[in-house]
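**Q** Just need the whole structure built from these sequences, with the hints factored in.
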Amino acid sequence: MAILLHGQDKILVQGITGNQGRFHTRQMLAYGAKVVGGISPGKAGQQVEGVPVFDTVRQAVEATSATASIVFVPAAFAKDAAFEALENGIRLLVLIPEHVPVQDSIDIVTRARALGAVVIGPNTFGIITPGEETKMGIMPNHIYRRGPVGVVARSGTLSYEIAFSLTQAGLGQSTVVGMGGDPVVGQTFISVLEAFRADDETKAVVMVGEIGGSAEEEAAEYIKDLGKPVVAYLAGRAAPPGKRMGHAGAIIERGRGTLESKEKALSAAGVRVVTMPWEVAPAMQQVLVR
Amino acid sequence: MKQYEYMAKGRLKERGIVVPPGRIADTPQQAAEAVAEIGPSALKAQVLVGGRGKAGGIKFAATAEEARTQAHAILGMDLKGYRVDRLYVEAKLDIERELYVSVTTDRNAKRPLIMASAAGGVEIEDVEDSLIVRRLVDPDVGVLPYLGREVAQAMGLSLPLAREFADLLVRLYDIYREEDAELVEINPLAVVGGHLVAADARLNIDDSGLFRHPELQVVEEGSTLELKVRALGLAYVELDGDIAVMANGAGMAMATLDAIQHYGGRPANFLDAGGGASVEPTAQALAVLVGMKPKAIFINIFGGITRCDDVAQAIAQVRKTQGIPVPLVVRLVGTNEREGVALLEQEGIAAYSEMSSAAKRVVELAGEGR
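Residue numbers (this note's numbering), protein chains in the order written: chain Z, 1 to 290; chain E, 291 to 660.
One or more of the hints may lead you astray.
[Unchecked claim] DSS-like cross-link-like pairs, simulated, lysine-lysine; straight-line CA separation at most 27 Å:
{"id": "1", "chain 1": "Z", "residue 1": "Lys243", "chain 2": "E", "residue 2": "Lys292"}
{"id": "2", "chain 1": "E", "residue 1": "Lys344", "chain 2": "Z", "residue 2": "Lys243"}
{"id": "3", "chain 1": "E", "residue 1": "Lys585", "chain 2": "Z", "residue 2": "Lys243"}
{"id": "4", "chain 1": "E", "residue 1": "Lys583", "chain 2": "Z", "residue 2": "Lys243"}
{"id": "5", "chain 1": "E", "residue 1": "Lys370", "chain 2": "Z", "residue 2": "Lys243"}
{"id": "6", "chain 1": "E", "residue 1": "Lys650", "chain 2": "Z", "residue 2": "Lys243"}
{"id": "7", "chain 1": "E", "residue 1": "Lys303", "chain 2": "E", "residue 2": "Lys292"}
Quick caveat, the hints were computed from the structure, so don't treat them as lab data.
**A** Shown next as structure tokens:
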């Protein structure tokens, strides 16, 4: 079944005529995603990779009945693009841009909650459902296989590393969700775990976390009753306090957000916590056999 | 981006929050003049760390002469790793009580969070949890005076102070929202003559929101090298080890440091070359690493959007233009892996495909490890 994103979902690309939008539209189509329209104000009538371009989301939704949209516009315009999507009936919204102001993210997430829409990101690599050959995101196509492992990650490349190691170990994935590296993002580990819990195809979950915030600690309490095994790898053991490690959200501030506190909480909740990324796949093999 | 105390107070004052009279002083002479004008004052080191008082960064002066002597002692001193270049000379307050109030973002709730306490004057982390009042704010509703009165009540404040606090909280929340603040904090929020005065303040602006605030003075935080590399558009943090590191993606870069440490090595830096960096930026980043004169260099690439052949080309380019005089370990997998590995072979470099063995090897080559 997979979660959140399914094979039949019709997808729009906001910012389709930009370099990134164009490139990833091609990649998404190649993977099998149903990209049915693009938005770029003033460019209606054009085509990108055979996909029709519209001036507005409203026009695109009327023409295609799309319910999902992926946003590639610059960060300063992300709020406008996100609201345009949400107000026009989009219910799965993937926000790729990095450096979206946190106050804008708060507004986006608040509105999405009120409308019952799912927001993934910002500052995310997106979401991919290998079993249904669809994706909304910038992840490489070749590293995933269909299978029983759900993956939820804060970081892109690190999740590629781990997803690929799972694939090589013969452990395919149901859905891989990138929460995003910002302090405020649409999903929480808990919201994604809830979806994995309800999904029959997902037999176990990999969490890829990192320093900063307390999303992992918060998730730990929930995992106690998840009913599916969880393997977690968290990055940032060597990170000093007070320094932002690339992601806006990856910072140990005023004693909060340390790896130690996260690993302790997860271990206490019965999660199999590994300390290096290459230990994830072997650990997953063990918990799946058990 | 953190703001200095005097900048934060400038913003508070603009928004109608009462702050003590104060002057900036960069020299003992200026400090003396400020005290002559203001009267008995606190001389406060302007550095971007908390706990200045305990570390000797705040002194009192009753006269201009005292101010000159005290300023002489503080200016130029090292305060928790920060050099003191500027003082804020501020009227000494006759404080009756010290409260705490802040507005920040609750990452889990994805909402603004008000924190307040009647036990102010110490770092909020050191305040007993039961003494902290917390209220999440619905951003669609915002902060109206009633919420301030409720918080004041929970803090045990009585009228008319509670009403004054409510008014201040509305203004503080406006700063948080409209100035793209990550944190705006008044600590202590002093009670002086029965009224509220912001005795110390912190204001951290969300870097991503800076484009909306061209009026803000830029405050750069970091070493010379950190600032130089960040100017290239790369995420960079200096560490205290001697194995230089480059990886693509923030999570991968963090994991790479962890792997080096795992095998007993000491990473010299965090460098995220970006999720899809092409030849030129990658070569620039590598040139920075070479310039650090590390014991060894580790490049860890999982090519998704990043192409392995681009990375290999960047390595070849840097070898040609400036040379790489220290051991180099490259781990290269993913998009265009075969081309990249072949390119490196021509350079006499055998690329690794596994992160673990590559990390282990670089630690050995740096002469570290167990």
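**Q** Would you mind marking each hint as holding or not holding in the structure?
**A** Checked hints:
no.	hint	verdict
1	Z:Lys243 to E:Lys292	13 Å, holds
2	E:Lys344 to Z:Lys243	23 Å, holds
3	E:Lys585 to Z:Lys243	24 Å, holds
4	E:Lys583 to Z:Lys243	23 Å, holds
5	E:Lys370 to Z:Lys243	15 Å, holds
6	E:Lys650 to Z:Lys243	26 Å, holds
7	E:Lys303 to E:Lys292	18 Å, holds
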